[in-house]
Amino acid sequence: MSESRWLATGNFFTSYKAEQRIFLTHIDRLVFICFMILLFIWPLFFKVSNRYMLVIDSILIAIVAVYGLNLLTGFAGLISIGHAAFVGVGAYTLASFAHVLGTNHVLITHWWPLMILVSGLVGAVIGGIVGLPSLRLKHLYLVIATLSFQMIFQWAINFMQFFNQGQTIAIGRVFWFTGKVVRKQHYFFWYYVILVIVVILGFAARNLLRTKHGRSLVAVRDNDRAADAMGMHPGFTKVYAFALAGFFAGVAGALHAYLWRGVGFESFTLHHSISYLAMAIVGGLGTLVGSIVGPVAILVLELQVEHFAEWAGHFFKAIGDVATAFRPLSFGLVIVLFLMFEPRGIANWWRIVRSYFKLWPFRY
Amino acid sequence: MKNKQITIMLVTLSFLLLVGFSVQAVAGNTYNLGLSLAITGPTSDAGNPYSKGVEDYIKYANETKILGDDKINCPIKDDQYQTANAKRNFEEFLDEEIVLFLSYATGSNQALAKDYTEEQIPVIPASFDKSLISEGTGSEYIFLSIPSYSHQFVGLGEYVAKHHQGGGTPKVALFIHPSAFGRAPVEDLKSALTAGLKLDVVEVVEHGKDLDNSALLQRLQSKGVQYVICQTVQSPVATLLKDADRLGITAKSFGEKGKITFMGAHYTGGADLIALAGPAAEGFYWDTGYRLTSDEGPWVKWQLDFAKKYGRDDKTANSHNYANGIMAAQVAVEAIRRAKESGKAVTRESITAALNNMNGDKTYETLTTVGPVSFSKTDRIGVDYLQLYVVKGGVFKSVGEPFQPEFLK
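Chains as they are written, first to last, in our numbering: chain U, 9 to 372; chain G, 20 to 428.
In short, the hints are calculated from the structure, not lab data. Computed from a predicted model, the values in this text were never measured in an experiment. Check the hints yourself; a few may be wrong.
[Said to hold, decoys possible] In silico SDA-like pairs for lysine to any residue, Cα to Cα no more than 25 Å straight-line:
hint: 1; chain 1: G; residue 1: Lys133; chain 2: U; residue 2: Thr111
hint: 2; chain 1: G; residue 1: Lys278; chain 2: G; residue 2: Lys327
hint: 3; chain 1: G; residue 1: Lys228; chain 2: U; residue 2: His280
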């Protein structure tokens, strides 16, 4: 029986290669291409205010960061609550260049793709170093180690003159082939840049997971002794998972710095680390789709909670600060509810929808 | 017959449309401002009354027709003391074509300073950080309402140097917020020391979230510290004062021998500090550029009546942050009025020019501040004077006349 590449009603893989396909059916590929076209062309037809473009760009940056966290926590099973610090490492790498060379140095303004890559690599190196305790630590103890890194990062930035003691370090406007990207074009320019990076890194992560290096992450997560017995190096794999997460986070940090045109300490706090973890959990740990839908869900929720807190702030006395509590409360509630009722995250809903259409017109 | 009815209807409709457009033309222009500040989150205890001050004065300006038939529209948005939210709010306000921006925190203003310059939009922040008007870190479009934190801090140091009794150089400890907001004025104080200010700074303490400062206070006393100058917010100061009171080391009068006199800059004081520290706040010295309703003068009745008119409770009516908000709105409205009066269109450019020309015989008197407001291209601090207050009988009372710090003129 020849396999239909258009409508697969079940898993009829006849080889490992078939199972590792990026798109299982032509319809998957078609849907993906249409979705990409939509993402690339919609800004040309709809006028969106800068406020919302800023939110959209921020969501895309969070997707890049959560790719990394999902590889680390979802695929390699190493929980990190210091991911915002890794993002901060990327941002402060760029800020350090700006501090030493000048805000508008040609490296910052013209060679920005290189700077984004460098920030990612510095993030990877720091990620690898922070990952060293994972050679000896597991579970909660490793969580504490990543928390320590978060604290050390915050302390270093907050106290070091070189980093302006956490106050904003400005980043200059970049240049494109058409010249300087001025304020009017800023958010749209970065929308496309970040979108391209999201797609490239998404494919990179997907392809990585098809290789032995990607599969070793999952193997070590499931049983590191078994993985060791099968010839994998659990220690190296864990450190390398941290380095990978650091790279993605570093890239996200550099993008953040360019988008916000400055780097300030308050974007990389423990609260942000927990937000990234919430995005990964709500989206779906161990799925790439989850890395995309998680940030969308959490940041849209955050925006709505902000609106609600603003509205409530007019009625509650500030001294009680009840309105302020809505944000952490909503985060906590969402995470708990997902862990209880949908531990596989929103990505599982997507899986169910796909399965429904796979069998259609028969019942799911 | 039917055609006739339709004709009459069309004529009537045209007439109504014509009248409608005419009324709209006569109704005047509306100028959009925007205020982004912490209504919730950290520092919302200051942000809330500040926002009410702005809201009420804008209402007042529209009701009393300060701008004739023209109106001001000033939506207020909560940024929860977060730069990211402040930036989003600012972008939204820009979409609404605001002509002046009322901002809040030091951090968000620093992050937005480049945007202000690019947009050439005048900004009046609630922060008084000197970096906001400094070259490189600030913007030439930012106008501070009162003297900076550095002025307030150095001003307190000068007061100590001038009024210290008992001989020798007064020994001082600095109690500061663990951020650039707390640290920046320390650098200016050190510059003043180099320039000849006679103080012996024994220790600089960056406070944490300690709930007990007994050990700190005893250490300071063992080092012979006589004065503690604070640059932070109210709650850590209240904790410090309560612990000092419990240990019995608070000076009953300024510079009392063997005791410690506590002093603080703008955001350390006010009615909220007294509410937090209670009787332990007695004898606390504080400087700011605002008038207080607990003092005596014509501004007391004016502010209380003003707050009553807009239905504000006693706490808000007596808050210096409420006065702070009123003053920011007063300056904004006055700048728009002057821009309009100059015969030019009311734009960001003409408002910036009006603010920069607010000097000489064109200074602006407000009842809410201890001196007139004056700006120029080289002076972007509105009120040039500070007033020292001390807590007596559970309220702040003024001490002496308004002053300018000698080492930071």
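These are the hints, each one checked on the structure:
no. : hint                : result
1   : G:Lys133 / U:Thr111 : 11 Å, holds
2   : G:Lys278 / G:Lys327 : 42 Å, violated
3   : G:Lys228 / U:His280 : 21 Å, holds
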